[in-house]
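> Once you have looked at the hints, place chains B, C, D, E, F, G and H with the ligands on chain A.
Chains as they are written, first to last, in the numbering used here: chain A, 768 to 974; chain B, 768 to 974; chain C, 768 to 974; chain D, 768 to 974; chain E, 768 to 974; chain F, 768 to 974; chain G, 768 to 974; chain H, 768 to 974.
Hints in this document: simulated from the structure, not taken from any laboratory.
A few of these clues could be false.
[To be verified] Pulled a few chain B residues facing chain C out of the computed Cβ check, cut under 10 Å:
id: 1; residue: LEU772
id: 2; residue: GLN893
id: 3; residue: ALA895
id: 4; residue: LEU941
id: 5; residue: ILE948
id: 6; residue: VAL951
id: 7; residue: HIS964
id: 8; residue: GLU971
[To be verified] Have a look at the derived ranges for each label pair, beta carbon to beta carbon:
id: 9; chain 1: B; residue 1: ARG836; chain 2: A; residue 2: ARG882; range: 39 to 45 Å
id: 10; chain 1: D; residue 1: PRO779; chain 2: G; residue 2: PRO825; range: 52 to 58 Å
id: 11; chain 1: A; residue 1: ILE886; chain 2: E; residue 2: ALA813; range: 56 to 62 Å
id: 12; chain 1: H; residue 1: GLU812; chain 2: D; residue 2: GLY868; range: 53 to 59 Å
id: 13; chain 1: A; residue 1: ARG887; chain 2: G; residue 2: GLY780; range: 55 to 61 Å
id: 14; chain 1: D; residue 1: THR870; chain 2: E; residue 2: GLU891; range: 29 to 35 Å
id: 15; chain 1: G; residue 1: ARG887; chain 2: A; residue 2: ASP881; range: 56 to 62 Å
id: 16; chain 1: G; residue 1: GLY780; chain 2: C; residue 2: ASP820; range: 49 to 55 Å
id: 17; chain 1: B; residue 1: GLY868; chain 2: F; residue 2: ARG838; range: 47 to 53 Å
id: 18; chain 1: F; residue 1: PRO825; chain 2: G; residue 2: ARG887; range: 40 to 46 Å
[Unchecked claim] Incomplete in silico selection of chain H near chain F, CB under 7 Å:
id: 19; residue: GLY780
id: 20; residue: GLY933
id: 21; residue: ILE953
id: 22; residue: ASP954
The structure displayed is predicted, hence computed values, not measured ones.
Yeah, the Cβ is synthetic: ideal placement off N, Cα and C, and Gly gets one too.
Spelled out, the chains give:
Number of protein chains: 8
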Amino acid sequence: RRQGLPEVVYGPGKTAEQIAAVVTALLTHNTGPVLATRVAPDVAEAVLGRVQDGRYAPEARLLLWRPARLRDFDVAVVAAGTSDRPVAVEAAAVAEAVGLGVTTVHDVGVAGLDRILQIRPLLERQDAVIVVAGMEGALASVVGGLVRCPVIAVPTSTGYGAALEGVTALLAMLTSCAAGITVVNIDSGFGAAMAAHRLAHVSEAHR
Amino acid sequence: RRQGLPEVVYGPGKTAEQIAAVVTALLTHNTGPVLATRVAPDVAEAVLGRVQDGRYAPEARLLLWRPARLRDFDVAVVAAGTSDRPVAVEAAAVAEAVGLGVTTVHDVGVAGLDRILQIRPLLERQDAVIVVAGMEGALASVVGGLVRCPVIAVPTSTGYGAALEGVTALLAMLTSCAAGITVVNIDSGFGAAMAAHRLAHVSEAHR
Amino acid sequence: RRQGLPEVVYGPGKTAEQIAAVVTALLTHNTGPVLATRVAPDVAEAVLGRVQDGRYAPEARLLLWRPARLRDFDVAVVAAGTSDRPVAVEAAAVAEAVGLGVTTVHDVGVAGLDRILQIRPLLERQDAVIVVAGMEGALASVVGGLVRCPVIAVPTSTGYGAALEGVTALLAMLTSCAAGITVVNIDSGFGAAMAAHRLAHVSEAHR
Amino acid sequence: RRQGLPEVVYGPGKTAEQIAAVVTALLTHNTGPVLATRVAPDVAEAVLGRVQDGRYAPEARLLLWRPARLRDFDVAVVAAGTSDRPVAVEAAAVAEAVGLGVTTVHDVGVAGLDRILQIRPLLERQDAVIVVAGMEGALASVVGGLVRCPVIAVPTSTGYGAALEGVTALLAMLTSCAAGITVVNIDSGFGAAMAAHRLAHVSEAHR
Amino acid sequence: RRQGLPEVVYGPGKTAEQIAAVVTALLTHNTGPVLATRVAPDVAEAVLGRVQDGRYAPEARLLLWRPARLRDFDVAVVAAGTSDRPVAVEAAAVAEAVGLGVTTVHDVGVAGLDRILQIRPLLERQDAVIVVAGMEGALASVVGGLVRCPVIAVPTSTGYGAALEGVTALLAMLTSCAAGITVVNIDSGFGAAMAAHRLAHVSEAHR
Amino acid sequence: RRQGLPEVVYGPGKTAEQIAAVVTALLTHNTGPVLATRVAPDVAEAVLGRVQDGRYAPEARLLLWRPARLRDFDVAVVAAGTSDRPVAVEAAAVAEAVGLGVTTVHDVGVAGLDRILQIRPLLERQDAVIVVAGMEGALASVVGGLVRCPVIAVPTSTGYGAALEGVTALLAMLTSCAAGITVVNIDSGFGAAMAAHRLAHVSEAHR
Amino acid sequence: RRQGLPEVVYGPGKTAEQIAAVVTALLTHNTGPVLATRVAPDVAEAVLGRVQDGRYAPEARLLLWRPARLRDFDVAVVAAGTSDRPVAVEAAAVAEAVGLGVTTVHDVGVAGLDRILQIRPLLERQDAVIVVAGMEGALASVVGGLVRCPVIAVPTSTGYGAALEGVTALLAMLTSCAAGITVVNIDSGFGAAMAAHRLAHVSEAHR
Amino acid sequence: RRQGLPEVVYGPGKTAEQIAAVVTALLTHNTGPVLATRVAPDVAEAVLGRVQDGRYAPEARLLLWRPARLRDFDVAVVAAGTSDRPVAVEAAAVAEAVGLGVTTVHDVGVAGLDRILQIRPLLERQDAVIVVAGMEGALASVVGGLVRCPVIAVPTSTGYGAALEGVTALLAMLTSCAAGITVVNIDSGFGAAMAAHRLAHVSEAHR
Ligand SMILES: Nc1ncnc2c1ncn2[C@@H]1O[C@H](COP(=O)(O)O)[C@@H](O)[C@H]1O
Ligand SMILES: Nc1ncnc2c1ncn2[C@@H]1O[C@H](COP(=O)(O)O)[C@@H](O)[C@H]1O
Ligand SMILES: Nc1ncnc2c1ncn2[C@@H]1O[C@H](COP(=O)(O)O)[C@@H](O)[C@H]1O
Ligand SMILES: Nc1ncnc2c1ncn2[C@@H]1O[C@H](COP(=O)(O)O)[C@@H](O)[C@H]1O
Ligand SMILES: [Mg+2]
Ligand SMILES: [Mg+2]
Ligand SMILES: [Mg+2]
Ligand SMILES: [Mg+2]
Ligand SMILES: [Mg+2]
Ligand SMILES: [Mg+2]
Ligand SMILES: [Mg+2]
Ligand SMILES: [Mg+2]
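Isolated chain A, as found in the complex (with noise of 0.2 Å):
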């Protein structure tokens, strides 16, 4: 594998057998999790027929092959809406199989500031969080000044108008008045993922 990070296929754009194969190359000369994302249900099932042992998570939209076992690393996925909630799921889906403990909670929006003050003790427990917003994105900069640890902040393409598919929360995310908050791309529930991933790989290394 490269550099220690899980082989993933971008499902998009691929035809079940072209994912089939792929993932059985994979399987084959690479030793850990081997990933499938944003795989459309009729076209996972197709999938798991030709390659045997894979489990579909249909919310998350991920195929998966050799889930990593449990890592003492603890990460919380905190949702700001409703809508942002396929992100979020992506994002707790692919860090759970490579190994992180993960809390996922929904509905957490800034607009309500005791639910947020509720979860505080939650996130103060954990390793990091991630941070899954769209609209104003301004759940982050909350989060980043109730925590002390890694704060990854996904935008997401909720919203209209001058939420601008995204680009509004990526713009407000990476203007945070919270020092040390880190971004990935719009709707990159996988990015964030592998970013905590990365997380976790140094944290055991210093044991």
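Frame of chain A, contents of chains B, C, D, E, F, G and H with the ligands only:
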């Protein structure tokens, strides 16, 4: 006066002579407050030498004649960072000039929720809140979730890089998850104060 | 309810079952109006089959339970062109649902001043005016010059080419030469109605 | 001369010597007006010292030799705000230089309809109207609705924040609801005058 | 009719019933041409079944009642590529409907100067030229350099990638090095024809 | 201190007196490092004259009091070009101030792979790598492919034209084909160092 | 043929009949290759049924008559990811059609330097290299640093979010730190092949 | 030298001492030309005082040591307007420094086709043409249609308003209807010359 709004001269690009001439005419042909915004100190001094009974608020860069009497309408101006100060001060000075009761609170970033929660009672007492914030502009969403009254958000051009000279804060405020927030132009403390003035008018009309 | 705002479910991306479940919970645990916006007719019908006592406004695509009683706060919704109609209708329906007195006027383009001057008396009677316009959004400036009350401008995504799906109208409204106009997100009839609701609240609080 | 247009030197970035040399050549090899635009006062003086019989219009920053005789084609230049003045003055000076009959009206904002209605008879007498406006550029739409003749809209870079240095006015004018309006580049008083000159040509050709 | 312009219904988003109703009203209360633009063939057929004496130009997608008599004003519509054809055809059809003498020339790209030089005599006979071009829009500059008469440039949304759906052609035409060119909205064959109509009006007024 | 982050004063727009006052307060009421970023040399000197025991790093433009003891967490700061140097130096100085072990490598462009391959062993020894690059920002992708540890990418505003003052590098880093890279704001050496500090914290917490 | 370039019909928006008619005319009046690009399989079949002796390359979506004989000019088409494949295949097919010697290498991402270093000898043998890459487009910089020959970079619209449909790759390639790289339009495999054809021409002319 | 390209120091942001040090090192460890671009006259003088045998081309702002011998590869640099001159001069000076045979033609705007047609024979004799143009950049399309050889287009940041500091010319050149044109960064005369150098290399390699 046009529609009950005060007469306001926009200072940039005008000489002291030009400002003095317009102000003199307005004082003669209208009643009520006359203002000149964004006036540099040396220009202000020269104008005051030509038009009597004026006052200059240097931090707000505002020249003012015939301020309105204090009305029963209370506005808080809440600013996120130190760099948002000039815009907040302009908003406050213009609002006071037209007779609103103004309380200004600086340095209320969303990365420190304690500060916001601390001023919550103050916010809940207001008839309107003007939120002044640059960078990711998240303060507007948080305040919008705390109060029932109108919230007027002013994005500022503070910050660098992805802040895009205020465009990021502007877009973020427009897509705020706190319902019913309204937005004015970047750095327009003046516009926010005028919006509050319109609010005060309708509130008075109903008594 | 959060800060006196009605509870509102955002319809897009949710099944009838999901909407029904959330609405049922809100009706049980809160008082006051419950709304679901941007709901397609077939979904609406399915929701109404599951949650009693609701009503559907098809043109506004709004589902509504427990509408508020009529309050003493009058709002005109003024729309520029035929294509702005859906956004104007949403604004009006939501405003009515929360108890505002609503008058809607369609087809008031600025290229025909006669029409605007004709409704001037009507505009001057309002407590607030919601201006709905796409393309160049100039109606907001003209209305802002005619009335003293708060003006809430809603840019719409109508038009083509340089209209940039509402961005042009949005920018134009933000830089309006009529002082004190405020702006909400593109196509957000809902946001404008919520802003009017906040105005009504402060006006009532003062009586 | 190329296609009957006057010869025009673009001043910025050129020394007085360079301008003088080009102008001298043009006066020798062509007939008709020769202009140099956007020339600073000190440069203008130096050029006039080298090339005889020229005239400098300081507010328009225009240098001019051999102005055309007055033709039977009347153009109004209508400007929205004080800051649009330099662009309007350039348009008027160039139009006069090529022989058009020019009337300039400043300070016609759309937030005050009285002013526009007052100049309506003047506008209706014109062969063409040049509308100069920054910020939201709404004046073009209003004028376009009042007259039957060609309307040439010039967006200006006045305003701040969401005015985006003239881009907002440009986009707004292009999407005007007044049919048949045409637009030239931001701040291009010169371009508008040239467009009017082309109009005059076709009108004369038809007599 | 507003200012001598024909009455025009914008088709998209309207049912045949709605178009028929508006057209019937316009035919009753106004004189002169009545048009409906961007009407799909099936809708057009249904409208014609309800409103007598109309005609449908399928390639232009234009419905037309009471076309104007031919006037003494000649316009060439010159289009750069095959894909610009629909916009050119709309411009030509609307121009004819209001009585202009129209010649259309397709497929005149600037990468083949021979073709342009070949139609030069034709261009020089016109009272105005409408240039329709997408991609880099360079045809407007070349034509603007060849003729003395007004040039109305219509950027189109043809092309891909950096063509940015017509924005590139729009910007290029606005910054054309050929002085006095004017520009209308992307894909607005209609707008260009209306601009030509305004030109014809002033030219006729002068006779 | 908020969440274990050091206290940091943002220098631009503040006088020496203002910086000195804030720093003094922070030194009194908090423990741990106190920093002031982006401070010009003359301002720095004046501040140091008012607040004892500080140090100024001129190339990083950083003022520093009470630096942290060296921790067991090693970070490489890798910069692409000479012009990226100031941002890299800020990142390194801040990281050192909070106790990280920092190695800085300048001038590692991707157009010369030899240089990158040469520092590969050094990179593989790190706990995190901060990549500083402007223009096309490709260095982040290459480094991300070479190491397993967290990669924090800092786009810089170097370059001209299509570099769009750092926006191109920012977008490129966000869409990097190397999975799990995270990004901070343009020119934010400070933000990258803070992100590394968060990483160090979680790594320490796990021992 | 225009300037030695092959005749090429742009398929999108044309019927099989239209393509067949143009191709037939070109085959009759010109010599050399005739191509039609971006043609769907069913359209292609219908065209081949009408115009003899053609060939269809389905993956490249290219129709081809009278391909050129093989010339002594070797081009490598190097593509970064699986999703860039269609653009790379179009470039290769068009280049072959005009007689260039083409080698295509897929799946050469910069996150895995081994793969690039492995094909280095192949790259060094070429007369020109076409680099096809989406997302951050970094492959162009790396290849540009490895070879002396001309590098033609083709940004692709693959990727999501901050990839901005190819604009990010386009900007990144234009600001590449590898000197002397040139760029064509997003997804324009055709344009890159034409650029290579121009190179081959000059190289042949010199022998 | 990297891949046969000359060694080039980018001047901006470097002191004379820094430039002199780098240049001295390059002269010692490499063979072939050494250049420093965008060097101001006073800095250039100071560098020449420290490093022997150099030459300064003031209009091109280029410092040069060990220019290459004249090679058999002819390039024309064609510039559209007077303001494009500095970029054209840089392209020409760098191209000469690396041994290309350079002819420069200024002031070839597309609004005057006569001038272009006049230099057509000169263009047809070249091995490559560098087209330098700002504003709408149409010259690249016209030249691309006239010659068979490679065309390297350099957009410049001249013009104002909708020229968007070169972005309009850049986009226009990328979407040129003349097939096979390639583009370099805005204002990058240097980049165009380097691209021509790569062309010369492949042409020489083939003899
Ligand atoms: N959802 C995703 N978002 C972004 N990148 C992905 C995603 N899934 C897989 N990838 C990356 O895509 C590459 C594989 O692409 P492909 O060869 O097209 O399957 C790998 O480098 C993955 O890291
Ligand atoms: N700071 C400001 N921001 C925006 N508009 C302003 C400001 N100050 C004054 N104005 C408006 O500018 C107009 C006066 O402009 P002028 O005629 O140039 O003085 C009035 O309509 C004011 O409402
Ligand atoms: N194709 C078109 N492009 C732009 N505006 C149009 C078009 N067709 C009609 N219009 C304008 O649309 C308005 C009528 O819109 P509506 O009331 O929606 O039918 C009139 O002002 C027309 O001038
Ligand atoms: N895939 C393509 N991308 C860009 N331009 C193309 C493509 N295919 C053909 N062309 C150009 O399109 C023009 C022909 O367009 P058309 O007349 O619409 O067939 C010619 O100038 C070709 O060089
Ligand atoms: Mg743990
Ligand atoms: Mg009160
Ligand atoms: Mg009332
Ligand atoms: Mg007359
Ligand atoms: Mg005639
Ligand atoms: Mg270590
Ligand atoms: Mg060979
Ligand atoms: Mg030769």
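> Hint by hint, note whether the structure agrees.
Hints, one by one, checked against the model:
Given the 10 Å rule on beta carbons, the hint for B/LEU772 holds: about 6 Å separates it from the nearest Cβ of chain C. The interface hint given for B/GLN893 is met, as the beta carbon of that residue sits about 9 Å from the closest beta carbon of chain C, less than 10 Å. At about 7 Å, the closest approach between the beta carbon of B/ALA895 and any beta carbon in chain C falls short of 10 Å, and the interface hint on this residue holds. Proximity of B/LEU941 to chain C holds as hinted, the smallest CB-CB distance being about 5 Å (cut-off 10 Å).
Interface restraint check for B/ILE948: the shortest CB-CB distance to chain C comes to about 7 Å, inside 10 Å, so the restraint holds. The restraint placing B/VAL951 at the interface with chain C holds, with a minimum CB-CB distance near 6 Å, inside the 10 Å limit. Annotation: interface hint on B/HIS964 holds; nearest CB of chain C at approximately 6 Å, less than 10 Å. A cut of 10 Å between beta carbons decides the hint on B/GLU971: the least distance to chain C is about 8 Å, and the hint holds.
At about 43 Å, the beta-carbon gap between B/ARG836 and A/ARG882 stays in the expected band of 39 to 45 Å. One distance hint, 52 to 58 Å for the beta-carbon pair D/PRO779 and G/PRO825, holds here, with the actual separation near 55 Å. Between A/ILE886 and E/ALA813 the CB atoms are about 57 Å apart, so this pair conforms to the stated range of 56 to 62 Å. Here the CB-CB span from H/GLU812 to D/GLY868 is close to 56 Å, well matched to the stated 53 to 59 Å.
Between A/ARG887 and G/GLY780 the beta carbon distance is about 57 Å. The supplied range of 55 to 61 Å therefore holds. Roughly 32 Å separates the CB atoms of D/THR870 and E/GLU891, a value that falls within the hinted 29 to 35 Å. As the Cβ distance of G/ARG887 to A/ASP881 is approximately 60 Å, the hint placing it in 56 to 62 Å holds. For G/GLY780 and C/ASP820, the hinted distance range of 49 to 55 Å is satisfied, since their beta carbons lie about 52 Å from each other.
The hinted window of 47 to 53 Å between B/GLY868 and F/ARG838 holds, with their beta carbons roughly 51 Å apart. For F/PRO825 and G/ARG887, the Cβ-Cβ distance of about 42 Å falls inside the hinted range of 40 to 46 Å, so the restraint holds. For H/GLY780, the suggested interface contact is upheld, since its CB lies about 6 Å from the closest CB of chain F, less than 7 Å. Hint status for H/GLY933 relative to chain F: holds, with the closest Cβ pair at about 6 Å, below 7 Å.
The beta carbon of H/ILE953 is positioned within 7 Å of a beta carbon in chain F (closest approach about 3 Å), and the interface hint is therefore held. Proximity of H/ASP954 to chain F holds as hinted, the smallest CB-CB distance being about 6 Å (cut-off 7 Å).
Every hint from the earlier list agrees with this structure, and none is contradicted.
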